[in-house]
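J.: So the protein lines, in turn, are chains A and B. Read left to right, the first sequence gives residues 1 to 220 (the UniProt record's numbering). Read left to right, the second sequence gives residues 1 to 345 (the UniProt record's numbering).
Hint data in this document are derived by calculation from the structure and do not stem from the laboratory. Glycine is no exception: its CB is placed at the ideal position from the N, C-alpha and C atoms. Just so you know, not all the hints are guaranteed correct.
[Unchecked claim] The calculated SDA-like cross-link candidates involving lysine to any residue, where the alpha carbons are at most 20 Å apart (straight line), are:
1. A:Lys-121 - B:Lys-64
2. A:Lys-121 - B:Gln-84
3. B:Lys-130 - A:Arg-130
4. A:Lys-121 - B:Gln-83
5. A:Lys-121 - B:Ala-317
[Unchecked claim] In silico contact screen, one side only, chain A against chain B (beta carbon under 8 Å); selected entries:
6. Asp-119
7. Arg-130
8. Leu-142
9. Asp-185
Chain residues, written in single-letter form:
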Amino acid sequence: MYELFKNLGSWLTSGSHWTGTDGIAHRLAEHLQYSLLATLVAAAIGLPLGLLIGHTGKGAFLAINLASFGRALPTVGLVVLVFLAGGLSMLPVYVALVALAVPAIVTNTYAGMTAVDPDVKDAARGQGMRGHQVLFQVELPLALPLIMTGLRLALIQVVATATIAAYVSFGGLGRYVFDGLAQRDLVQVLGGAVLVAVVAVALDLLLSGLQRFLFRHRTA
Amino acid sequence: MIQFDTVHKRFPNGTTAVHDLTLDMPEGGVTVLVGSSGCGKTTTLRMINRMVEPTSGTIKVGGKDVTRQDAAELRRSIGYVIQQSGLFPHRTVLDNIATVPLLLGHGRRKARARAAELLETVGLTAEAGKRYPHQLSGGQQQRVGVARALAADPPVLLMDEPFGAVDPVVRTQLQDELLRLQKELNKTIVFVTHDVDEAVRLGDRIAIFRTGGHLVQCAPPAELLARPADDFVADFLGAERGLKLLSLKTLAEVPQGPAPDGGAWTLVRDEAGQPTHWRSADALELPVRPLKDGDSLLAALDESLASPTGLVARVDADGVLTGVTSRDDIHRHAGRAHAEARVAA
Chain A
1 MYELFKNLGS WLTSGSHWTG TDGIAHRLAE HLQYSLLATL VAAAIGLPLG
51 LLIGHTGKGA FLAINLASFG RALPTVGLVV LVFLAGGLSM LPVYVALVAL
101 AVPAIVTNTY AGMTAVDPDV KDAARGQGMR GHQVLFQVEL PLALPLIMTG
151 LRLALIQVVA TATIAAYVSF GGLGRYVFDG LAQRDLVQVL GGAVLVAVVA
201 VALDLLLSGL QRFLFRHRTA
Chain B
1 MIQFDTVHKR FPNGTTAVHD LTLDMPEGGV TVLVGSSGCG KTTTLRMINR
51 MVEPTSGTIK VGGKDVTRQD AAELRRSIGY VIQQSGLFPH RTVLDNIATV
101 PLLLGHGRRK ARARAAELLE TVGLTAEAGK RYPHQLSGGQ QQRVGVARAL
151 AADPPVLLMD EPFGAVDPVV RTQLQDELLR LQKELNKTIV FVTHDVDEAV
201 RLGDRIAIFR TGGHLVQCAP PAELLARPAD DFVADFLGAE RGLKLLSLKT
251 LAEVPQGPAP DGGAWTLVRD EAGQPTHWRS ADALELPVRP LKDGDSLLAA
301 LDESLASPTG LVARVDADGV LTGVTSRDDI HRHAGRAHAE ARVAA
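Looking at chain A on its own, in the form it has when it is part of the complex (with noise of 0.2 Å):
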């Protein structure tokens, strides 16, 4: 076990690990382009979707049933599902890794409207707000903090997922996982899988940090 470690250790230190194209460097570049690009593709679809649910109130049921629906699709079956329907490319991949974070942002996005005090909405309506200046004016900006949120554990969870882009043949941190088993280099798998955890958990940090203080005026 500590031999285990020690290698690890010498694995993720060794400079020879972080260069080339092979090297941890562009590995994580490659993870980071493919778990931003799908986060800002789901929050396209995502975002609209959960303002208009929660403005108008009409489709709360799909709001809230989409959560555990994002929970129980298995992920490497939709990457399956779409190569064996469209071929090799990156598409599989967008795709399930979208699929993996659409719930969580709709339904974040849908929790943090309806968190809006309802007289605050009466007042600004009361006030002479039309329907899109309530919307863009008040509820958007209180349900910000619950947005970020939603987004932030969307990106987590495709950061955590997007590894399934090396089971296509594609790069990302995920590489050293699959090849580290082709390979039975149990320290490339395990070097691959803390890089993916503590890339996880440093966006976390950094987000909910970015969160605080954006939102310090906010009570609660």
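Given the coordinates of chain A, work out where chain B should sit on it, guided by the hints.
T.: What follows is chain B alone, placed relative to chain A:
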């Protein structure tokens, strides 16, 4: 100014909130809508700025049918204050007040200048403008709510239990402020409350609603208290409605005589001539609460009961003693006030 013509409101769930209401609310007056919960008073108020649409009948503000106007534009032309203030928690107090001027496209600088002006009008410091609503007390938040409603200088102000959630001391302060503001601004105010004392205090006219959305009586407070239309109104006004009537009359017309000197009780004054306490022949001291001309007959009656001599000390604006009034005189005027209110109706 505001006219309801056979307005009916039935909600989709079948309950009738307002039943064939015909009511005129005169310009420059405070019309208070009172009644227990579920009597349709809030619905009535909210139909004026189309937060609720009537099922049938017409409502006119300034002669114009409200349902023929764009709802958002109508609301910008009518001040609206609600119970929990409904301030925007993510905006500073100043920006909260500037809401309607900004919606009207007045430009940020002009809107903020106007907001700063209103901050003072409602009795808040310029420093409060930079804070966020949750950093203010409940009473201060309500002041901001009033300032926000006044920002575009609307002729009509709708207030839905605006002081319902603050403690009694602050509530009295806010009522005083509203009366002072109203003297200055002369708005047409529609005020919803379930508190009879508040209604009597603020209203030029009081409209009493009964469950089911029926208007029972609409009259000036004195008339209402002296001649309730039926048992429901009488019950609603409470057993002390005779005393409430006295709260509407001032002490000004009640005559006063010289203060007693050297009897069983002496009214002691300081060098400035301000009464300090009563002192008996055997040096017992009791407090005195001097009253001004503007104080109510009710306050005078109260003081005459507390005073050891039954005499009420009267002072001028500087607190200097001008004379005393006897319990009998107060009683006589109280009786006369009742008689007048009965006849005037």
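J.: All the hints need checking, so say for each whether the structure fits it.
T.: Results for each hint:
| no. | hint | verdict |
| --- | --- | --- |
| 1 | A:Lys-121 - B:Lys-64 | 27 Å, violated |
| 2 | A:Lys-121 - B:Gln-84 | 12 Å, holds |
| 3 | B:Lys-130 - A:Arg-130 | 26 Å, violated |
| 4 | A:Lys-121 - B:Gln-83 | 13 Å, holds |
| 5 | A:Lys-121 - B:Ala-317 | 46 Å, violated |
| 6 | Asp-119 | 4 Å, holds |
| 7 | Arg-130 | 5 Å, holds |
| 8 | Leu-142 | 6 Å, holds |
| 9 | Asp-185 | 52 Å, violated |
Comparing the model with each numbered hint stated earlier shows that hints 1, 3, 5 and 9 do not hold.
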